[in-house]
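**Student:** These two chains come separately, so use the hints to put the complex back together.
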Amino acid sequence: MNCDWTKENIVLYIYDELADDAKHGMEQHIRQCPACDQELRSAMAFKGTMSVLPAHEVPPNLLAASRMKLQEALEEAEQSRGWSRFAFDITGWMHQIKLAPALSLALLITGFFGGTLTTYRIVGSHQAAPAPIKPAAAEANIAAVESIVQDASTNRVSIKYDTLHPQVAEGSANDPLIQRLLLVAARNNRDSGLRLDSIDLLAKAPEDNGVREALIYALRYDKNPGVRLKTLDALKGYVKDDVHVRDAVLESLMHDTNPGVRERAMVLLGPVRADMSVREALQVLAEHDKSKFIRSESQRLLASTPDLD
Amino acid sequence: MPAELALVQNLVGSKGARTNSQNSGAMVSQALGRVNDSELIRAAQRGDRAAFEALVRQYDQAVLRLALHLTGSDSDARDIYQEAFLKAYRHIGNFRFECSFYTWIYRIVTNLCLDHLRKRQTRKEDSPVMIDSSGQEIDLLDRVSDDRAGANPEKDLMRRELGAKIAQALKRLTPRERMVFELKHYQGLRLRTIGEMLNTTEETAKNTLFRATQKLRGVLATMR
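Quick note, the sequences are listed as chains U and D, same order. Residue 281 in my numbering sits at position 281 of the first sequence, with consecutive numbering throughout. Residue 119 in my numbering sits at position 119 of the second sequence, with consecutive numbering throughout.
Only chain D is shown next, with the shape it has when bound in the complex (with noise of 0.2 Å):
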């Protein structure tokens, strides 16, 4: 075990010091600090669309994040963006301010990614390969690897690998075990918001979490 934990601290780097939930975690709790979204909802709900298309620029960049990790693809990823902001152009009139837009927001696009995954899930599609804006297919383990220059080919190799093994065992999660697990590791959200943004409790998605990890550190032991 000290030997694969030092593998791993090898890869991910031995500080941790910038890992993917807590750069997404910075990213979300930034999100978070923006607190006076009040008045920009109410003139959007007036009908100012100029003060909705600034509610987007706050959350766009972490939505389109969110729907790209979960679908792996540029064109899937626009379509849920522009269908969640769309719907809640449509609906602002219902926010009632019980939440945080960003809570909302959260909810109508993870609803989105959802409806993605299951209907991905019946097609079995498991290709590695996806489709960039420009319709050309790319290889998705290319965004694992480490393109800093003077990165060892190597450990660029390993981590590639690796990486094909995580995106393997990721499918073998069920649509809302894969969410759950996407929001709390990758985008570093607490339980309680994930039980919120998935209309469920917390205790939910705490077990709904713990069995997505037994099954993921199933699949990664079986692969090695």
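Chain U extracted, bound-state conformation (with noise of 0.2 Å):
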């Protein structure tokens, strides 16, 4: 290994492209030559920079725009399939027109019977009459929550959501409408006032799986510190028996940005300090950790923490 292969090669190892032994190599040279060193320290340099213009989520409006468009599109679309696409299927449509009638009134007695026997009423915002959204189309048509008002005397829940127009929503918390609703809101939403609502009401119900890993989600990812804050409480109980749980509250100590959101999560890990990931994270913080108080607090769950010898 020379200077200028390791010039040469020096993106290959920042982006982890190089085979065990060039690596290797390279190393070892970077060891013994400062000029060398200095180039990897500004590669190094350059990559985190470029990472500052950041890759951000789709935003959830985007994708539910786009997939109805396509979902749209592909009504009209047809496959390429060579010669056979030039075949008449006799037999197909002999049997769609012989079925025709059968299928559109089974449609239409679906349909009544649907409407009829929904339990929730969505009011569009041209206060047409309530029509209820079918449930498969549902995912695809919200494009963004608006606003969550709870009724805290009727434990009734409204949600105004838009599709292609504003819609709302109306039904008790358990409802699984308005559950999707939370859902999408708790994960899409940049509204973090909007978030917390949903957590709110999403945190009585974290025995549910999916509300769980929604709340889980939420404090991975949620930028704003109170939301993250919030779903901490929710996810309390769940600490001890739950390892995602445990995993997700243990992250946030070690790496949420907010000092707060620490603090809490190491509050929440005390009970459960005794376990082999929590303790080897604790003896990390103890250690190392820039905050004061992490580290004085984690010093002191380990000195109270049972030898597991």
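Keep in mind the hints are simulated off the structure, nothing from the lab. Hints may be right or wrong, so weigh each one.
[To be verified] Straight-line C-alpha distance at most 25 Å; calculated DMTMM-like pairs for lysine to aspartate or glutamate:
no., chain 1, residue 1, chain 2, residue 2
1, D, Lys155, U, Asp191
2, D, Lys215, U, Glu17
3, U, Lys7, D, Glu177
Keep in mind that this is a model prediction, so the values were computed, not measured.
**Tutor:** Next comes the structure, spelled out in structure tokens:
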């Protein structure tokens, strides 16, 4: 390995594209060569700099709109099937013609009873007659959640959300549609107040796996520390028994950027401090954490943890 | 140099815990991990639209994310998304399982994005303003800001300024260099996969990445 080779391959090194032997050789060379060491630092700084321009997650509105537009286009699209596309499928055509009236009638009956039996009411912004959303279409239709209002006296929840036209759904907090909308609001909306409202409501049913998954997601990725704090409180009862919850809380303790969230995570992990992964994390924090409080609290928890041997 | 490194670490986060490429790399590997696409593909080849839509749902966020980051425009990204999946639907009968579906769909998307970048290069668009889905102009650099509550406004301003420089520097790359850099740095793909997607060799992808990083480092150095 020499300086020229190192300079030509340093990009591959920082992007982890070098074979193990070449990587080892480069590391040895860099240890002995200040100029190449400088080059490596410069390349690493460049890589860090480029990460400042983030590749954000896709806005939910854009994703929903794109899916809907694609669905419409697929209705019209035909697959290319070589010569077979020119062949006329007589049996299929006869079959379709024969069953068309029966299918129409079946659809009509299903639509009628589906509309009658539905438990929730959806009011379009144009105040047209309430029409239920077909569950299959609902997911693609939900573009964004606008607001959540809860009536504490009746335990009713009212959520305003966008499809192609803004709509309002009302029902109990346990209603499947309300739950689905709350999950959409918790994960996708950019309005942190809205996320707080949805987490607040979802926190009442953390025993549901889908809800717990959404809470863990919010704890890991929500940008608002208030939401993350609320999520921690909602997950409190599951730190002991659910290893995924414990891992997520541990991750918050180690990496969250907000000191308040980290301190709260530490309180939650106190009762499970004998757990191997928690103990290891506390040992690291007790020695190296930049926060004096976290260091001293970690030391205190470790001191009060019984030895495993 | 240590000062520069410190600044970057300060801006990005000293642990670099959740960088873009790591995040997207995780997303990509998650997508790659879905190996059991064969049944869906075969059903889609028989004309089962529901099966094709199931395939779309697995990969469409990654596709839209790539298109959005490369074009910087909601409407262009949506057009590319639409065209890519329609092409895939029309020609899925030609899919011969010689590569993963993921590589195949990404090959279609990268080709469309390259066409878009080439067209844009000839139009010399360099405005940091983009049009969102509702037709409103938004500052591309808003995407750079750290909107965590309690974030330091001064630090946020520095991030935005640096983001502006990076966006300008990326525009100096050729479409192909931009694509290789995007797929490597922001999407976290292996150079071998990138080569497959761009119908070229791993060696060529390496050389292109080298040229792209050299150019970017040079441009960013002159901007300081």
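**Student:** With reference to the structure, classify each hint as holding or not holding.
**Tutor:** Quick rundown of the hints versus the structure:
1. Lys155(D) with Asp191(U): holds (22 Å)
2. Lys215(D) with Glu17(U): Distance of about 20 Å is within 25 Å: holds.
3. Lys7(U) with Glu177(D): Given that 25 Å is the threshold and the Cα spacing comes to 19 Å, the pair holds.
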